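Please model the entire structure based on the sequences and the hints provided.
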Amino acid sequence: MTSAVKLIISGLVQGVGFRYFAYRHATALGLTGYVKNLYSGEVEIVVQGEEGAVQAFISEMRIGPRSAHVKGIKITPVTFDPSLTSFEVRY
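Residue numbers (the working numbering): 1 to 91.
To be clear, the hints were calculated from the coordinates, so they are not data collected in a lab. Since the structure is predicted, the reported quantities are computational estimates derived from the model, not experimental observations. Just so you know, not all the hints are guaranteed correct.
[As the list claims (entries may be wrong)] DSSO-like mimics (lysine-lysine), calculated; alpha carbons at most 27 Å apart, straight line: (1) Lys71 to Lys36; (2) Lys74 to Lys36; (3) Lys6 to Lys74; (4) Lys36 to Lys6; (5) Lys71 to Lys6.
Encoded structure:
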């Protein structure tokens, strides 16, 4: 079963390698989507793929890279987007 979610991650999550941390984990799990910084200081991630892999990805995002401090994650289900064929870092 496939799953697609949008994550809004708050805390000390910009300037600490969070986007590349997300990229590494998503590609290792075979997930598609994107990660980008928001002007609010949060990080937005849209991720989709096998439900178990998506849940494993979310677990890693709750921790983040070593220099980050994740305060919260808002998770919203989204419609699966077949045009997202890889996982990318957006600027």
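Hint-by-hint comparison with the structure:
{"no.": "1", "hint": "Lys71 to Lys36", "result": "holds, 17 Å"}
{"no.": "2", "hint": "Lys74 to Lys36", "result": "holds, 15 Å"}
{"no.": "3", "hint": "Lys6 to Lys74", "result": "holds, 8 Å"}
{"no.": "4", "hint": "Lys36 to Lys6", "result": "holds, 11 Å"}
{"no.": "5", "hint": "Lys71 to Lys6", "result": "holds, 17 Å"}
The structure fails none of the hints (numbered hints given earlier).
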